[in-house]
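Based on the sequences and whatever the hints tell you, model everything.
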Amino acid sequence: MAISTSTPPNGAPGVTAEHQRRRTLLHRLDVRGAPYAFVAPFFIVFAAFSFYPLIYTSWISLHRVELSTLNLMEWVGFGNYTALWEDDRFWNALLNTFTIGVLSTVPQLLMALGLAHLLNYRMRGSTFFRVAALTPYATSVGAAALVFTMLFERDFGMINWMLSLVGVDNLDWENNKWAAQTAISSIVIWRWTGYNALLYLAAMQAIPRDRYEAAAIDGASRWQQFLKVTVPGIRSTIVFTIVLSTIGATQLFGEPLIFGQGPNGITGGADNQYQTLGLLLYEEGWKNYQMGRAATVAWAMFLLLIVVFVVQRIVKRFTTRRT
Amino acid sequence: MTTDSIPARATDAPPEAVRKTRKSTPPGGRPLRLFRHPGAGRQHHAGPVAYILMGLAALVSLFPLYWTMVAASTDNTRVTQTPPPFLPGPHLLENLGKAWQDAALGKAMLNSLIVAGVIALSTVLFATLAGFAFAKLRFKGRNVLLMLVIGTMMVPPQLGVVPLFMMMTELGWGQKLPAVIFPTLVSAVGVFFMRQYLAEALPDELVEAGRVDGAHSLRIFWSIVLPIARAPMAVLFMITFVHAWNDFFWPFIVLDMTNPTVPVALTQLSAGYVRDQSLIMAGALLGTLPLLALFIVFGRQIVGGIMQGAVKG
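If you read the protein sequences in the order shown, they are chains A and B.
Each residue of the first sequence is one higher than the one before, starting from 14 at the first, in this note's numbering.
Each residue of the second sequence is one higher than the one before, starting from 183 at the first, in this note's numbering.
Source of the hints: derived by calculation from the structure; they are not laboratory data.
Quantities reported herein were computed from a predicted structural model and do not represent experimental measurements.
Any given hint could be a false lead.
[Stated by the list, open to error] Some, not all, of what chain A presents toward chain B, calculated at C-beta under 7 Å:
#, residue
1, A60
2, F62
3, L126
4, L128
5, R143
6, A145
7, M171
8, T259
9, I260
10, I271
11, F315
Note that CB positions come from ideal geometry on N, CA and C, so glycine has one too.
Take a look at the structure:
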């Protein structure tokens, strides 16, 4: 890649004044207008297919709309919201989304932190280990969930077989609520730990080496260095991954759907024991044909995200002030 | 795009470009946090414990995929016995062939290739255009617009599925590929990624020199920005391709089994249409193979790209 910094010859020879003026005009237009033209495609597509639908969702949520007759919208005011508020399935799905979210996010990020620390060592085959850690990320939800469903199978699954070696009886991973939520979380953890570890690793490598040297001179052990230098040094990345995983957790859909194998997937198990908000949205809209109610669930998910961000901001401010 | 030149560039280009720009950054300027010199914070050599733990982590990462292959190469009776099989059996090709037909994976593969290819191409093009504008062009409202781009990352597109579905039905795109392609033609992460790269790798003097030469903005983009941005564009292409290939929620809603993408077609395997467990695993393996191949060839570049795009304020 050759980057020449020498100034090229100025202007072309033999241009008339008229020509020159037109060129300056065009040039000005180009300098003023081109930036907007360059960023326009992003904003147009986002406005048309993300922002407008998001806003329109709130309008639909105030109506009764059926999947078979999408252009017939009957005004019901906040009827969908009160119905949702009184619906046990909503609170169940909200709680499940929260518990699966915690079960999948907390271990995932802690393990990613440890993995990043290991990857940060000078070692042979470090490229291999990095690619290996990222490979689950290349596996689609569909394939990963199919494989894990089989690994967690009650009668012949690998996990139960390994548990039987240490004397644990066969667990019914599908019908037992907490077992099912753990199994679903493990799919999420498997797919995303390596990805998060690489984000942490990138941030760790940006920490200046002299901070470690200073800490070592002060007599800090490696563990203390990890806690006092590494973790504070990558705090903004940690916050970033928490935000990303939280968004992912509130949207969880594919893993529980496929884990339930067929009709049980949409309802999140026979007793809705692992139905998430994403599944409830789908069930209302595309199984019960109530698009208005589905929109209400979507809007509830959006409000939930906002609440989470506000809480996160407050926590962040609190922890920043403390240090 | 010549594919054989990408791997070399993808690893060489960023540090070289960064070093050149570093010289031109005024002293006391904000230190570069992205595309930094590799290995800056690395400290210790790994001991045996670290190797053992890393080996375990690699095992956990790779074992489910290995076992998918094992299960896909045996038959239903063997898979459903305990202890489960650990070594491949003789039926791999046979099962792959059957799964290919049962889950209609041929059409799904083609669809996924089209969807992921188009989305990745357009994302790279528009992200580079916008990234160039945000990094190197001066215009009113630039910072506000950039904040807007970053803000859009916080809005999961899934929340708009109901109106989006109505919109696509109205457009006559229900069950058709444009319904999946259009909403994801751009990506905020992509714009941000390209902006970060170009802000550091593209010297201001080069853009100025182009202006003095009388080149208009699109010409500068084409002749100066594109050659410099080739490596990150290739990385962004691959990452977007992976995401688009694996995207599930919206394709699952808007497409059906007559015209699915690969992840959508795979749900058919779980829904009880196929009873044979080793066939299910064969289907899962087939659906993963294209991306695995991509990872085996370009894994290093993809890892590098994810790490480069990582640091956020």
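Each hint tested on the structure:
1. Taking 7 Å as the C-beta contact cut-off toward chain B, the hint placing A/A60 at the interface is violated, the least distance being around 10 Å.
2. For A/F62, the shortest C-beta to C-beta distance to chain B is roughly 4 Å, which falls under 7 Å, so the interface hint holds.
3. Against a cut-off of 7 Å between C-beta atoms, the interface hint on A/L126 is violated, since the closest Cβ of chain B lies about 13 Å away.
4. Restraint check, A/L128 versus chain B: the minimum CB separation of about 6 Å is within 7 Å; hint holds.
5. Taking 7 Å as the C-beta contact cut-off toward chain B, the hint placing A/R143 at the interface holds, the least distance being around 5 Å.
6. For A/A145, the interface hint holds, the least distance from its beta-carbon to any beta-carbon of chain B being 4 Å, beneath 7 Å.
7. Hint on A/M171 holds. Least Cβ distance to chain B is approximately 5 Å, under the 7 Å limit.
8. Using the Cβ-Cβ criterion of 7 Å, the hint placing A/T259 at the interface with chain B is not satisfied: the shortest such distance is roughly 10 Å.
9. The criterion of a C-beta within 7 Å of any C-beta in chain B is met by A/I260, whose closest approach is roughly 6 Å, and the hint holds.
10. Interface restraint check: A/I271 against chain B, minimum CB-CB distance 5 Å, threshold 7 Å, status holds.
11. Interface hint status for A/F315: upheld, as the beta-carbon distance to the closest one in chain B is roughly 5 Å, under 7 Å.
Comparing the model with each numbered hint stated earlier shows that hints 1, 3 and 8 do not hold.
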